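Q: Order-wise, the sequence lines are chains A and B.
If you're matching positions, the first sequence starts at 1 in this note's numbering and goes up one per residue.
If you're matching positions, the second sequence starts at 1 in this note's numbering and goes up one per residue.
Because the hints were derived from the structure by calculation, they are not lab data.
Quick caveat, the model's predicted, so the values are computed rather than measured.
Be careful, since some hints might not be right.
As the list claims (entries may be wrong) - Covered stretches of chain A, going by a simulated chain B footprint (3 or more residues, C-beta under 8 Å): (1) 23-35; (2) 84-96; (3) 151-160.
Said to hold, decoys possible - Partial selection, computed: residues in chain A whose CB lies under 8 Å from chain B: (4) Pro14; (5) Ala99; (6) Phe102; (7) Ala131; (8) Val135; (9) Cys146.
Ideal placement from N, C-alpha and C gives every residue a C-beta, glycine not left out.
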Amino acid sequence: MSATSPAARPGIDPRGPRFGASITSVLLLVVIALGLATPLGGTLVERLTEPAAVLQTLLVALFAWGAFAGIARHPYGAVFRTLIAPRLGAPTEREDPAAPTFAQGVGLLVTGVGLALHLAGVPYALVASAAAAFVAAFLNAAFAYCLGCQLYVLLVRAGLLGRKTA
Amino acid sequence: MDPLLIAGVLIALVAVSTLIGVVVRARTGRVRADGQHVDTALLDAEAELTLLQLSSPVCSACVAMRRVGGQIATADETVGHREIDVTEHPDLVRELGVLSTPTTLVVDRVGRVRSRIIGAAAAATVRETLEDARRTPAGVAA
Numbered sequence: 001m002s003a004t005s006p007a008a009r010p011g012i013d014p015r016g017p018r019f020g021a022s023i024t025s026v027l028l029l030v031v032i033a034l035g036l037a038t039p040l041g042g043t044l045v046e047r048l049t050e051p052a053a054v055l056q057t058l059l060v061a062l063f064a065w066g067a068f069a070g071i072a073r074h075p076y077g078a079v080f081r082t083l084i085a086p087r088l089g090a091p092t093e094r095e096d097p098a099a100p101t102f103a104q105g106v107g108l109l110v111t112g113v114g115l116a117l118h119l120a121g122v123p124y125a126l127v128a129s130a131a132a133a134f135v136a137a138f139l140n141a142a143f144a145y146c147l148g149c150q151l152y153v154l155l156v157r158a159g160l161l162g163r164k165t166a
Numbered sequence: 001m002d003p004l005l006i007a008g009v010l011i012a013l014v015a016v017s018t019l020i021g022v023v024v025r026a027r028t029g030r031v032r033a034d035g036q037h038v039d040t041a042l043l044d045a046e047a048e049l050t051l052l053q054l055s056s057p058v059c060s061a062c063v064a065m066r067r068v069g070g071q072i073a074t075a076d077e078t079v080g081h082r083e084i085d086v087t088e089h090p091d092l093v094r095e096l097g098v099l100s101t102p103t104t105l106v107v108d109r110v111g112r113v114r115s116r117i118i119g120a121a122a123a124a125t126v127r128e129t130l131e132d133a134r135r136t137p138a139g140v141a142a
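Starting from the given sequences, assemble the full structure and let the hints guide the process.
A: This is the structure:
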């Protein structure tokens, strides 16, 4: 509708969050492999210092960064802008940062709950939460899947979001 | 756990995710006939056919669809474009069985849903769907 070029319009390059999601996907697979390889520790300190838990803690922190500071300030975004974007050329479209920021919040919730349950001694909590987060991150990276587009309407249907029916 | 088994779990996870991705992608931009009714208050009263777009607040594809719908409605005065937020219409979302946003309904003057477009569709697909709705009598569309 506007005559300005896509690059001049506000918003972020949609390939940025997809690049970040591909790194996240790989790290989540590593969490799952480490989680399956190591038996659940008997004490809180053992569970906290397990390799899978350490990596999951890092992922929780990265999701929190994206969710609270906004996707535009995420460290992966800086890597994308300096190393990847200059080699790709201008994006054909721009994206509102609200949707990928929402997805970061969902990632934070899923990985955060998994980490908390793991620390509480629930077996396979890390593996299960990392697997759920992997599905979303992989779909985002490989298929440009928009979590906000699918999940939001399901939450509305379940009555968890939106105006209550009279 | 056996390293081979771990590798198997990882491969299975990637395979299942890929399958989900292929199914979701196949649904996107797809058009299907419909026969349901919506409240005419939601429609553009001036238009012969209204593109009624159901959107959610955090949805990149909804923005793309808004651009396509807006352009078509501006170019063709017999077509209207209205966008509603699913958060404000939970009953409608349930009644119509909407599973993802954007879902765009092609609705005639009396509120009959002639077809629905799932996901962000190309302008050509939307124009084709509108043409089909004009050609097909309302009774057959269902």
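Q: A separate judgement is required for each hint: does it hold in the structure or not?
A: Taking the hints in turn, this is what the structure says about them:
no.: 1; hint: 23-35; result: holds (count 3)
no.: 2; hint: 84-96; result: holds (count 3)
no.: 3; hint: 151-160; result: holds (count 6)
no.: 4; hint: Pro14; result: holds (7 Å)
no.: 5; hint: Ala99; result: holds (5 Å)
no.: 6; hint: Phe102; result: holds (4 Å)
no.: 7; hint: Ala131; result: holds (6 Å)
no.: 8; hint: Val135; result: holds (5 Å)
no.: 9; hint: Cys146; result: holds (5 Å)
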